[in-house]
Structure formats: structure tokens, C-alpha cells
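Asks: Residues per chain are reported as follows:
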Amino acid sequence: MPDEPFPFDEHLDSRLRAAMHVAAPDVSVSGVLTDVERRARRRQLRVRESIAAGVVVLLGALGVAGYTLTAEPHLAANGPAIRSKPAPATTSTVPVGSPYAQSSGLSAGTDSNRPAPNPPPCPAQQATPSTASGRFCGPDPGPGNGSGPDGTCTGSETAPPCGPGVTPGQYYTYTMPGTCSGLVTFDGKQWVSELPPPSPTADFFVWMRLDPTGSAGWISPSGTVGLAPYAGQTLSGCHQ
Amino acid sequence: MIERTVPVGVDEDQLARFVEADYGALVAALSLVCGDPGAAEDAVQEALARALVTMRRGTTIDSLAAWVRVVALNLLRNRWRSLGRERRATRRLGDLTRPEAEGDADELMDLQAAVAELSQRQREAVALYYRLGLSVAETSRAMRVSDGTVKTLLSRARATLAQVLEPAEDDDA
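First to last, the sequence lines map onto chains C and D.
Those letters in the first sequence? Residues 2 to 241, by the numbering used here.
Those letters in the second sequence? Residues 2 to 174, by the numbering used here.
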């Protein structure tokens, strides 16, 4: 019942409440719980698949970029200089400091010297970003259009992708803040990363997408991560 | 049969209690908002699944009911937008609702038809406030807007709906 002083007409309100009292569906508690459990398992599976895809992308790209995994507790780079942020380029590169590499379970140097799996090559001239083949293909993401540093969203933007109006299924360049909260503004709402970075990192660029089912996520040469609507839950923070 | 494994720390009873006490009312309220009981139930179940996953990751959800309300409403909003169904759902709303309360059935149906003509946000405010019986503060948290916005939405919705009720009020006089 309302507990604030609100200038409503009690008679009218009671009639409105009666009219609004649409019958609740008959509920089988065990049936609903079973359905919810099934959905939760599907969702957890999707997250694992996303993580696995991110690992495959990383390993594949490491091979392309000339990095080799060694038994030493660090990545030995035979390739180009390590960058902390992907630069706009036409070829996929892996930022070794990828904020999600550790979260994805890819601990540098913990694997053997086995060669990395080799996903199929990207189609030439692919205009749309995708990870469907097991590796990131398409143009590298650039900075977002937010009014914060590096194009980060501040929450005051009125245009997508920071502000509302994002078209489901479309990819947007987006600057992902490397903060431990995993909290981001997208489509005028707040979302929380299902895989926060292992430690605070520099902002980085991704392709952000709103899924038609209502979830969201980003892909980039450094991985694939889902986002859940933020509903005031306690944030998990960085994972070490 | 689905095997159910709930790690330590996840309060399974909390979910069962929610389904028992709040699930039906929330589905009914969201049905009022979107005009599609199936979509409403789907949104609530998906929100519950996300809550379960969240809890299994060790995150504490202080108020499951409030959490699920916010997430389910977000899911519904995104679904409408992606499918472009809002207008069609709005038109169907009057046919889908079944009042429990006794009284003038014609008036109730007129009123529900009038609800269907409200804006999406007004319908959300009306459904949460009148159907779920939330306070203004709880409604504003569920909609993620300010209390003032909720009051404005409710006032405007109420003014529209009052026009449907006014002839009956005159009759009573």
C-alpha cells in the first residue's frame, strides 16, 4: 500500500485497484522452479561458452601475432610491442594486457608448449564484427561516443549507444571502462559485466551489442563478455 | 527430471518463497503492462534465472522481489522494442485481462481498455502501484526513475482513467 502522502482520491483509487486486479495465473511452485533452474543452467552454459570462445580467440590470435606460450609465468613476445589498448586497425591483434584474459582462466604461462588451436581464417573484407568462427573477425572496435574520457559513457548522453535507442542486434563501437565494478552505461541503462576484469585496467574499445532477448554483451579481439542489467545487486569487483 | 544442485550459500527457499508469494502477482502486473501473459511470465522466469545465477556466483541479493521486478521489467522493455510489439500488445490488452473483483464488468473492461491506451511508462506505473500495491518509492525503484516522475506518471494516468469512471461516479451521486 502507498505510504507516501499522495493526493489521490481514495474512492477512485480503490476502484482503480479493483479494475487492475487481473487474476494471477495458477502457479505450480515446483514447475516454475524447474523451469527457472533449466534457464539458469542454460545461462551458465552460455557464459562458459563465451569464456571458452574468448580463450580460443586469444590463443588463435596469439599464434597469429607471433606470441608463444611458455612455461614461464609470463608471455614471451616474439611479435609486435605489447599494447594496453587495441588501436583502430584492420587486423585483429591481442592486447596482452587484455583485462579479461585472466578472468577467462587464461593464466599466462600456465599451459604447456602445445601449439594454440587454429580457428578458420577470417573472411576477407568482413564488414561486421563476429566471433562465430571461434576467433574475432571484422574491423577492430574504435572508441565510443560518450562524453567521458576516451569516449566512455557518463550517463548523461541522450544518443545511443550510451543513451537510449540502441537497435537490438547492431554492433556499436564502445569504450569499456576498465574499472573493477564492471558497471557500464549502455542504451540509457546500467549493466554489470558478467566477467569483471581481474584488476583495474585502462579503458579499452569493444563492439557492444544489445541482444534481442534483452541481454547485452561485447566482443573484441580480446574476448567476449556478457552483461546483465544492473538492478542494485552487490557488485563482485575484480577477481584476482 | 532436472537434477538440481544448489551450492552452499544459495538460499533455495528464498526462490521458492518468492514463487509462492509474489510470482503470480508480478506476472499479472506485467501482463497488464504488456498485454501478453506469456511474455510477462517469460520475463519473470528469465529474471529469476538470472537471480539464481547471480546468487550462485556468490553475490547477495538483498531483496529478491525488488531485484526480479527491475530485471523483468527491463527484459520486457527490451523485448517490446526489439519486436516492435508494443502497439499491437496495447491493442490486445483489453481482451486479455480478466478482472477478479466483483462489480460492474463493463466499467472494468472500459477501464482496462483505457489502461491499454496509456503510455508504456504510465502503464508500468499503474500496474506496479495499483496491481502490485507498491508504494511510490518502491515503484520508482522498480522503474528506475525518481519518485517525482512516478507521481507525475500516476497523476496523468489517473486523470485519463478518471474520465472512464466519471459517469459511474455521477450515477452514484
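Bear in mind the hints are in silico, worked out from the structure with no lab data behind them.
Fair warning: there could be bad hints in the mix.
To be verified - Listed next, the in silico SDA-like pairs over lysine to any residue satisfying Cα-Cα at most 20 Å (straight line):
1) C:Lys190 x D:Leu166
2) D:Lys152 x C:Thr155
3) D:Lys152 x D:Leu133
Claimed, not checked - So the derived list for chain D, only partly shown, Cβ under 8 Å to chain C, looks like this:
4) Tyr24
5) Ala29
6) Glu42
7) Glu47
8) Leu65
9) Leu76
10) Val127
11) Ala128
12) Tyr131
13) Val146
14) Ser147
Just so we're clear, the structure is a prediction, and the values are computed from it rather than from any experiment.
Yeah, the Cβ is synthetic: ideal placement off N, Cα and C, and Gly gets one too.
Asks: None of the hints should be skipped; say for each whether it holds.
Replies: Going down the list of hints, with the structure as the test:
| no. | hint | verdict |
| --- | --- | --- |
| 1 | C:Lys190 x D:Leu166 | violated, 36 Å |
| 2 | D:Lys152 x C:Thr155 | violated, 27 Å |
| 3 | D:Lys152 x D:Leu133 | holds, 16 Å |
| 4 | Tyr24 | holds, 6 Å |
| 5 | Ala29 | holds, 4 Å |
| 6 | Glu42 | holds, 7 Å |
| 7 | Glu47 | holds, 6 Å |
| 8 | Leu65 | violated, 10 Å |
| 9 | Leu76 | holds, 4 Å |
| 10 | Val127 | holds, 7 Å |
| 11 | Ala128 | holds, 7 Å |
| 12 | Tyr131 | holds, 4 Å |
| 13 | Val146 | violated, 12 Å |
| 14 | Ser147 | violated, 13 Å |
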